[in-house]
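There are 4 protein chains.
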Amino acid sequence: MSKLWGGRFAKNTDLAVEEFTSSISFDNRLYKQDIAGSIAHAKMLAKCKVIADEEAQQIIAGLLSIQADIEAGTFSFDIALEDIHMNIEKRLTERIGPVGGKLHTARSRNDQVALDTHLYLKQEIVTIGQMLHDLEEAMLAKAEKHSDVIMPGYTHLQRAQPILFAHHMLAYLFMLVRDFGRLQGVWERTDMMPLGAGALAGTTFPIDRQFVAQELKFGAVYDNSIDAVSDRDYILEFLSFASILMMHLSRLSEEIILWSSAEFSFVELDDAHCTGSSIMPQKKNPDVAELVRGKTGRIYGHLMALLTVAKGLPLAYNKDLQEDKEGLFDTIDTVKFSLSVYASLLEGMKLNAPRMLDAVRQDFSNATDMADYLVKKGLPFRQAHEVVGKSVLYCLEQSKKLTELSLAEFQSFSALFDTDILEAIKPEVCVNARNSYGGTSPQQVRQAIERGRGILAAQQSTIDTCRQTKI
Amino acid sequence: MSKLWGGRFAKNTDLAVEEFTSSISFDNRLYKQDIAGSIAHAKMLAKCKVIADEEAQQIIAGLLSIQADIEAGTFSFDIALEDIHMNIEKRLTERIGPVGGKLHTARSRNDQVALDTHLYLKQEIVTIGQMLHDLEEAMLAKAEKHSDVIMPGYTHLQRAQPILFAHHMLAYLFMLVRDFGRLQGVWERTDMMPLGAGALAGTTFPIDRQFVAQELKFGAVYDNSIDAVSDRDYILEFLSFASILMMHLSRLSEEIILWSSAEFSFVELDDAHCTGSSIMPQKKNPDVAELVRGKTGRIYGHLMALLTVAKGLPLAYNKDLQEDKEGLFDTIDTVKFSLSVYASLLEGMKLNAPRMLDAVRQDFSNATDMADYLVKKGLPFRQAHEVVGKSVLYCLEQSKKLTELSLAEFQSFSALFDTDILEAIKPEVCVNARNSYGGTSPQQVRQAIERGRGILAAQQSTIDTCRQTKI
Amino acid sequence: MSKLWGGRFAKNTDLAVEEFTSSISFDNRLYKQDIAGSIAHAKMLAKCKVIADEEAQQIIAGLLSIQADIEAGTFSFDIALEDIHMNIEKRLTERIGPVGGKLHTARSRNDQVALDTHLYLKQEIVTIGQMLHDLEEAMLAKAEKHSDVIMPGYTHLQRAQPILFAHHMLAYLFMLVRDFGRLQGVWERTDMMPLGAGALAGTTFPIDRQFVAQELKFGAVYDNSIDAVSDRDYILEFLSFASILMMHLSRLSEEIILWSSAEFSFVELDDAHCTGSSIMPQKKNPDVAELVRGKTGRIYGHLMALLTVAKGLPLAYNKDLQEDKEGLFDTIDTVKFSLSVYASLLEGMKLNAPRMLDAVRQDFSNATDMADYLVKKGLPFRQAHEVVGKSVLYCLEQSKKLTELSLAEFQSFSALFDTDILEAIKPEVCVNARNSYGGTSPQQVRQAIERGRGILAAQQSTIDTCRQTKI
Amino acid sequence: MSKLWGGRFAKNTDLAVEEFTSSISFDNRLYKQDIAGSIAHAKMLAKCKVIADEEAQQIIAGLLSIQADIEAGTFSFDIALEDIHMNIEKRLTERIGPVGGKLHTARSRNDQVALDTHLYLKQEIVTIGQMLHDLEEAMLAKAEKHSDVIMPGYTHLQRAQPILFAHHMLAYLFMLVRDFGRLQGVWERTDMMPLGAGALAGTTFPIDRQFVAQELKFGAVYDNSIDAVSDRDYILEFLSFASILMMHLSRLSEEIILWSSAEFSFVELDDAHCTGSSIMPQKKNPDVAELVRGKTGRIYGHLMALLTVAKGLPLAYNKDLQEDKEGLFDTIDTVKFSLSVYASLLEGMKLNAPRMLDAVRQDFSNATDMADYLVKKGLPFRQAHEVVGKSVLYCLEQSKKLTELSLAEFQSFSALFDTDILEAIKPEVCVNARNSYGGTSPQQVRQAIERGRGILAAQQSTIDTCRQTKI
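Protein chains in written order, with the working numbering: chain A, 615 to 1085; chain B, 615 to 1085; chain C, 615 to 1085; chain D, 615 to 1085.
Don't read these hints as lab results, they were simulated from the structure.
Do not rely on the hints blindly, as some may be mistaken.
No copy labels: a pair is met if it fits in one copy or bridges any two.
[To be verified] Subject to a maximum C-alpha distance of 30 Å in a straight line, what follows is the list of computed DSS-like cross-link-like pairs (lysine-lysine):
{"#": "1", "residue 1": "K657", "residue 2": "K964"}
{"#": "2", "residue 1": "K950", "residue 2": "K990"}
{"#": "3", "residue 1": "K704", "residue 2": "K964"}
{"#": "4", "residue 1": "K704", "residue 2": "K663"}
{"#": "5", "residue 1": "K704", "residue 2": "K625"}
{"#": "6", "residue 1": "K964", "residue 2": "K831"}
{"#": "7", "residue 1": "K964", "residue 2": "K1015"}
{"#": "8", "residue 1": "K646", "residue 2": "K759"}
{"#": "9", "residue 1": "K646", "residue 2": "K991"}
{"#": "10", "residue 1": "K1004", "residue 2": "K663"}
{"#": "11", "residue 1": "K661", "residue 2": "K759"}
{"#": "12", "residue 1": "K625", "residue 2": "K964"}
{"#": "13", "residue 1": "K990", "residue 2": "K759"}
{"#": "14", "residue 1": "K625", "residue 2": "K1004"}
{"#": "15", "residue 1": "K625", "residue 2": "K1015"}
{"#": "16", "residue 1": "K1015", "residue 2": "K661"}
{"#": "17", "residue 1": "K657", "residue 2": "K1015"}
{"#": "18", "residue 1": "K1014", "residue 2": "K663"}
{"#": "19", "residue 1": "K1040", "residue 2": "K950"}
{"#": "20", "residue 1": "K990", "residue 2": "K964"}
{"#": "21", "residue 1": "K646", "residue 2": "K1084"}
{"#": "22", "residue 1": "K663", "residue 2": "K991"}
{"#": "23", "residue 1": "K831", "residue 2": "K991"}
{"#": "24", "residue 1": "K1040", "residue 2": "K1015"}
{"#": "25", "residue 1": "K1015", "residue 2": "K1084"}
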């Protein structure tokens, strides 16, 4: 099939090369943005008298009929036409005649594909922002629902100090709040209009880029045409955002997998989020959590791939940049699924609160409180630490818990211990005592939930504003 | 040497393990932040009556004398003391006695190291922001200085359309402007105060985290103690920022290497930025540009390393996170060097303007203008493209340039060609004609320089504000 | 639809989760291997009397009819059935009744999918090995065809010393020879039979794994069942091989892009391997080379993705490992295309030999020879280097080439110069003089071609041997 | 300070650039290889009559005295001299006069640094091979020592089937055996001699590369001079090897961290391999395992860094390639430490065998055996799976174990159950029953240990052979 750029060529493209260099198999997902961009472009050309009004009307009608066909599933894409832009333009000319050839006046595929990708990503950012927000809501709800459940807090996967489950859940909430902040940064740098950059240097036609930006509800226009066609920062920044977000979800996944194990037994996932084994009838595997953890690698890979692609490329457009899309699309799909499944997974997850509390009772995670007890009686912290360290060693040798020591035993380590020590090292007391800002005490957690609620309300309003730019 | 946490241990650490787990060889670079943080902590403990005023005074005096020793080069670090925190605290106690042991009340190394890293990175962000801004200034100056130099613009490394060198330089300016925007995002999420999170759950002492934040000029306090000690987002986000920035510099480097080649000969670098060969006496190699391009890989590697480290870690602190620092430090050093050397490299780079213009004259990069000429006479763009494509093929077969065709030859391709065609395809005319917003015409480039100047002024004011938080 | 593992579950899988955890959309590509593996397993079960002979016959017939359906395009895959294994087994039971349920005796999906992937990769290694070999043949042919073409050799993209084009081509040949060696290592570690490992611990049935290995033409059997189901080394090693191979192709691509530029004009690619521009009629872009260079990032990404996935996973199988396949499949497709297109691209690439030679004549790449001339007259190399460096500086200031200096000028730099100096620094003489083993002289290049031919013959025999294990 | 290549330069290098491009701060570690390579080169030059015998003697004596100074710590490195090669050569000339300048005849820094790195890596491969082998020995010893300990085997971190601890340990052994195989591949492609390639094209002197190879005990000589100076495959392949090895160690680390948790309590690490907390006196953290897991990210980062550096570089040497060394050196150090510490960590790790067995007794990991029991009585596997799945669900609802069901209860699920069922699902019986090749039965494990021993003996002999090439 003859190419739209074939004039200078004496020979056709190799068929295998055609397939290799074609992007239609994945960029067809941009059809709606491509058509919306072309309509805005046609309107602008007419407004600027580059084409006649009736020509613009014909073009727009033709484009809308193509969109209808695509959405009805009756449009057939042709890999020989390389990409979504050429597929649509070729069909347009078949349908409305040579005037279709006027649509590509004053633009190039370089700025056209940049426009489509910006439009597409903007829309997905809004969707992802909402899903992120919804997961935060689910976390907040989960924290509130179980606001009195005590569990061991860990460092180095060793029990460290007792905490509230709600406090633990809020740790993830505040990670996601930062992710939302990063997503806003991506939005800001995606919300820039590249059309009019032409191949790289601008165009000789008297166009109006601000008009196109307004039509398509962009907040800004690229200031430099070369930059406009070769910039992939916004995709890289999105992939960075996604990598850090997935990293957060991978940490949560790791914990849910741990908590679901026989050894922890802190939670039970809903059957709907697990699968079984083809051979072991007893198995109930936390597949969803494992898969989200696994898919983190995939997103890192996409980030690394595009960083590598972009490294050392001379300006402006190079074919290498066509590699930007598949990784972006797959990242969008993966992030959306992960966010949505996690909201429902958390909701369906049952806590085994007695087991969690029992875990706290069986360990030494109150040792810090025992040291703090001594400090409050005047011992420098370092000496208090030493005293308690020795007590723990003694307990380990005697197979006792700290709460099982007699006052005499306590006092053999330090004369400062008194009868109130046993009260001071109860789990509930330890939790309540961590009442500084951001700490795990019920009072602090309640306040943190309130702050979270305020942040989420502000997020929702940001999302709603961005959503209004939908075209 | 006895550890500060040794009470519970029956046996010493293996010496090789000590070396392996020790971080003092690289985290000593945080000494100033560690001491500033400890002083603020001591003041707060006194203010909150956790320790006595005179105790705080003793501690502060001791810390300041240690800082003096470190800066005088008379302090010896000990790897058995694991890290900068323990090195300083141990010495403090040796110097001021057991009261030194009170400093660690109500904090843990987990929140302490987080505090130090936040403080350190904040300061480096200001420095890097300034250097980034200075490089932008150098680009703006370079663009202005050579505002009339015409060169070929490239896509696919094939000559595409004539452009101004200044326009090309501005493409990089606007990339760096986005980098600056991303750096502000990093700042925002670095400017959060973690101290008071304790090991992970907060502390049982009546501390005042807002007071510490104020003392250390932080804009915000972490809302959740678990998050505060396990968050490494801000480092990852900084590494992402640095990766994209270095990607930009790698593109510029690639171009400077190309331009310095015998084949291009567009620029000559200053001897000060080149090195020679041990064997080939004629060589003058653009080493600096190559090394910056190469060091891009190193920064990508640091990003990938920390993403990998953080993936799937259960909350809260795990020793794996100690791996955050070396990559961060090396990234800071590399970015600072790259930015600073590039400002002077650009300044010292001489353009070979006649050669650049000559290149434009020898090629077909005016073909688009020839097609636009036909469009303006009424031909649909697609047909105009075809006509010009055939003309180019004809020229190639005849070894001619487009400017060497006779009118008869032009008209053999389309009757629309007239005598004004030769004027229309002169390089200067082509450049001037791309006069839409963001295009390469001298008028547009002048306006872009003005916009750039405005952006840079705003950046400087942002930097100055951030610099005031220096402690 | 009811799951094959549903007995223990009180509730169905969430539909979205089903889609998320399903792999049938990509693992259907393993159908042939899955069926071949099942047939071998069924034969073995019969041989070991675990099932009856006639049961095995029924199962095998059923499997073959399913394979026929798949290949006829009449088999419909169901995502609710999760993966290729369950899709086939379910259909088998529908077709031959409950005896189909006996096929899964003494195996698990864990060892089954491992088997399929090993079988699949083995076959693709043979194909890729052949394609790699064919590209090497094309390089060898290209080197031989242009065995007398002289071009500048570069370091730092600065002209360094004259070389033969054939010598340059052979540099790539020997890189690919190492790639072939690495591919053999991948083969060795892929050619291991995992079936019989069961879920992770082996099986309670008296099976014969060596029999299965023989049926499926494997060279070895996994020694440890846990390792057999959790090993993904062979995929990682393949991805590493592919990354290094693509890195090599990216270097060649970079050079072909440079050589195709107007500035170099060393080669002209066939129209069949280039594409044009939608806006610039004169453009002929080396898309294939750019795309191969770009796709290098994609392969690096797949490697990084799987390394990340595998990091820190406890034994044995975890769902994360399902992420191994898409990256593997895409890498296989990309590598195959890149190898095959490059063989034809090189064949179709025309050299502009006069331009290449002219480039050598216009530069200082004979400066080393001028220094060597002095060394042979007794000057220590370091002093000779200094003398020539000064001569070059003088030439640059005088806008002369070394070959344009008078004898008097030569002697002003060193009295050792004599009339034979002009002969000594001719390009042909410089090339001929580098006649040590592995050097660029025609004699050495001829010998290297001979060695290459011998290596390629041995490769072909290795490939043929491996190909015989095809099932 | 004047450069050895300064003749052509009118101006000195910028001081900051000097520091930036200098590599002496890290490549000084190659001094021994550099001197050994220079000695071999000098001998060869004398043998080939390029320099006189007495000149070679002077040079060699000078080099040896420099080596003595370096080893005595009395040699001062100068960053203005860029690298180890120039540092040594400059000193040589200071010491023995202008004849020192003859050493660099017929070589370049490009082939010289390649030689040094090959020599260095070869030596480290031998060391690492030995350490890898020693860790395998430690695993084998651990497996043998605890050959009767039963523990739960996991998939998806859910208890799956009972296994022997020894079997689990052997899974790691066989991973490391593959790592050893990969290391041999690295050796093969590192054991190639690049010297004589000169800057890129060979040399005009009548050198004898085979002689140098023999002197330095190389197995092969690079066949192509351009390839010889630009090849970094062997480093990339080493980094790939190291990445996969560290991935294996990260998996083992994850398990040891899990096993050390209060929830698992399967093992107790020696105090010597743990550290405590500055605030929580009870803590005993598995730092070494965490740090090895964390350092995996670092190695992945080094791999990604060098892959990125090498991507798209034109031939031959480019300064970017200087970035190959720091990552390599750090990888070598990290791998060596990880291997050595793990051998001792495993040795010091105490198993809590009763707890492990108890875990098996408390779960449903015998469910597969219950299904196999039914299969052996004639039920198709799929139906048996269904029956057992229902039994498990019943037990969960009744809070019973399978071993606590009455015969009547068993028979309510299938009439095929008989009194022997309780025996069939005992942990010991389940383990013993998995007696197929590579399974977990004691007999199979004993045989696997024997096979392992044979493999290790062969490895040792390979290492010993390679060690003989030490220079």
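Status of each hint after checking the structure:
no.	hint	verdict
1	K657 with K964	neither (56 Å within a copy, 45 Å between copies)
2	K950 with K990	neither (50 Å within a copy, 46 Å between copies)
3	K704 with K964	neither (56 Å within a copy, 33 Å between copies)
4	K704 with K663	within (24 Å within a copy, 65 Å between copies)
5	K704 with K625	within (20 Å within a copy, 51 Å between copies)
6	K964 with K831	neither (45 Å within a copy, 43 Å between copies)
7	K964 with K1015	both (29 Å within a copy, 22 Å between copies)
8	K646 with K759	neither (42 Å within a copy, 44 Å between copies)
9	K646 with K991	neither (71 Å within a copy, 32 Å between copies)
10	K1004 with K663	between (88 Å within a copy, 28 Å between copies)
11	K661 with K759	neither (58 Å within a copy, 37 Å between copies)
12	K625 with K964	between (67 Å within a copy, 15 Å between copies)
13	K990 with K759	neither (34 Å within a copy, 49 Å between copies)
14	K625 with K1004	between (85 Å within a copy, 13 Å between copies)
15	K625 with K1015	between (85 Å within a copy, 22 Å between copies)
16	K1015 with K661	neither (82 Å within a copy, 36 Å between copies)
17	K657 with K1015	neither (78 Å within a copy, 36 Å between copies)
18	K1014 with K663	neither (89 Å within a copy, 35 Å between copies)
19	K1040 with K950	neither (43 Å within a copy, 45 Å between copies)
20	K990 with K964	neither (39 Å within a copy, 38 Å between copies)
21	K646 with K1084	within (12 Å within a copy, 46 Å between copies)
22	K663 with K991	between (86 Å within a copy, 13 Å between copies)
23	K831 with K991	neither (65 Å within a copy, 33 Å between copies)
24	K1040 with K1015	within (12 Å within a copy, 33 Å between copies)
25	K1015 with K1084	neither (61 Å within a copy, 47 Å between copies)
This entry does not satisfy hints 1, 2, 3, 6, 8, 9, 11, 13, 16, 17, 18, 19, 20, 23 and 25, going by the numbered hints stated previously.
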